[in-house]
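Residue numbers (numbering that gives the first Met the number 0), protein chains in the order written: chain A, 0 to 77; chain B, 0 to 119.
There may be inaccurate statements among the hints.
[As the list claims (entries may be wrong)] No more than 20 angstroms apart at the CA atoms, straight line, and that leaves these computed lysine to aspartate or glutamate pairs for DMTMM-like:
id: 1; chain 1: A; residue 1: K42; chain 2: A; residue 2: D77
id: 2; chain 1: A; residue 1: K42; chain 2: B; residue 2: E88
id: 3; chain 1: A; residue 1: K58; chain 2: B; residue 2: D66
id: 4; chain 1: A; residue 1: K74; chain 2: B; residue 2: E94
id: 5; chain 1: B; residue 1: K24; chain 2: B; residue 2: D55
id: 6; chain 1: A; residue 1: K56; chain 2: A; residue 2: E13
id: 7; chain 1: B; residue 1: K76; chain 2: B; residue 2: E9
id: 8; chain 1: A; residue 1: K56; chain 2: B; residue 2: D66
id: 9; chain 1: A; residue 1: K74; chain 2: B; residue 2: E88
id: 10; chain 1: A; residue 1: K56; chain 2: B; residue 2: D63
Worth flagging that the hints you see were computed from the coordinates, not collected in a lab.
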Amino acid sequence: MAILATDIEALIRETFPDAQIKVQGDDGAHFAAHVVDESFRGKNRVQQQRAVYAALKGKMDGPAGELHALALTTKAPD
Amino acid sequence: MTDVKTQIEETVKANDVVLYMKGTKEMPQCGFSSRVAGVLNFMGVPFTDVNVLADDSLRQGIKDYSDWPTVPQLYVKGEFVGGCDIITEMTLSGELDTLFAEKNVTFDKAAADKIREANA
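Given the sequences, and given the hints that come with them, work out the whole structure.
Written as C-alpha cells, this is what we have:
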C-alpha cells in the first residue's frame, strides 16, 4: 500500500499536535518532511528526529516499512 | 542479537569514523548512503565502511543499536552522529568540521568549504 503525504502528516500530528508540519512528495515512497515543534528545544537533531521516527510507528524502512525514503528536517521554533 | 550488538560496539570503538551503509564506499547501493560516503570521501576523511546488505542480522542490528530506523548511520569515536539528512545539514552548516576538529579526526577543510560554496 502506498502511503500519502497527508497520512504522514496525520501520524506526526498525533504525537506533535501543535507542530508546524510540512510534508512533500507524491510518489507513495519518497517524501520530505519538515517539523518545527517547541518540544525540540534543547534537543540535538538525533533526539528530535528519533521522536519523529517514533511517531511514524515503524512505517520507516524495514520489511514492513512503506516509507522507503523520508528526508527529515526538524527544529525548534525561532 | 547480543552478538551483533557486541560486534557493532567493537567496530565503532576500534575505528574513529565508521559508516554503516548500503553497499561500499567504492560502490554505494543507495542514494543516501552514496551521499554520505561521497561527502566523507571528498573531505578526505579516513573512514571504515560496513556494508549492511552483506549481513541481514547487521542490517537490523544497527537499527536496534542506535534506535534509529534508517541506514546510512555515521559514527565518530563510538558515538552515533546521524543519518543522511543530519550529515547533510551538518556539512553545510560547518558543524561537521567542528565535530571532526573536536574529535581529532583529520579532514580537508578546503574541500569542506568547496562543498559549502557549491551549495550556497
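The hints, checked one at a time:
no., hint, in the structure
1, A/K42 x A/D77, "holds (14 angstroms)"
2, A/K42 x B/E88, "holds (16 angstroms)"
3, A/K58 x B/D66, "holds (14 angstroms)"
4, A/K74 x B/E94, "holds (15 angstroms)"
5, B/K24 x B/D55, "holds (19 angstroms)"
6, A/K56 x A/E13, "holds (11 angstroms)"
7, B/K76 x B/E9, "holds (11 angstroms)"
8, A/K56 x B/D66, "holds (13 angstroms)"
9, A/K74 x B/E88, "holds (12 angstroms)"
10, A/K56 x B/D63, "holds (14 angstroms)"
Hint compliance for this structure: no hint is broken.
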